[in-house]
Amino acid sequence: MKYDKIEKTLFIKNRNNFKSKLDPKSVAFFNSNDIYPISADSTLPFEQHRDIFYLSGIDQEESILVFS
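Here the sequence shown is numbered in the working numbering, starting from 1 and rising by one per residue.
Hints in this document: simulated from the structure, not taken from any laboratory. Worth double-checking, as some hints may not be accurate.
[Claimed, not checked] Here are the simulated lysine-lysine pairs, DSS-like style, with alpha carbons at most 30 Å apart:
1. Lys25 - Lys2
2. Lys2 - Lys19
3. Lys25 - Lys5
4. Lys25 - Lys13
5. Lys8 - Lys21
6. Lys8 - Lys25
7. Lys8 - Lys19
Start from the sequences and build out the full structure, keeping to the hints where you can.
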């Protein structure tokens with residue numbers, strides 16, 4: 001396991017806090033980081049974009065988080 005277990009209530013609180021500051025009729029998009037190649041047959045280890053992890057706890061490449 002990459003992380004110790006984090007309670008889902010933390011991410012719910014973080015999302016609610018973020019959404020409360022979002023202007024009405026606005027949309028927020030967050031793209032996860034990609035897997036970056038460093039040579040023809042090698043890649044850097046994946047590291048999730050901090051904003052997506054902070055808001056959702058998701059640690060998956062090629063993810064998109066949308067708030068409206």
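Verification of the supplied hints:
no.: 1; hint: Lys25 - Lys2; result: violated, 37 Å
no.: 2; hint: Lys2 - Lys19; result: holds, 28 Å
no.: 3; hint: Lys25 - Lys5; result: violated, 34 Å
no.: 4; hint: Lys25 - Lys13; result: holds, 21 Å
no.: 5; hint: Lys8 - Lys21; result: holds, 21 Å
no.: 6; hint: Lys8 - Lys25; result: holds, 27 Å
no.: 7; hint: Lys8 - Lys19; result: holds, 17 Å
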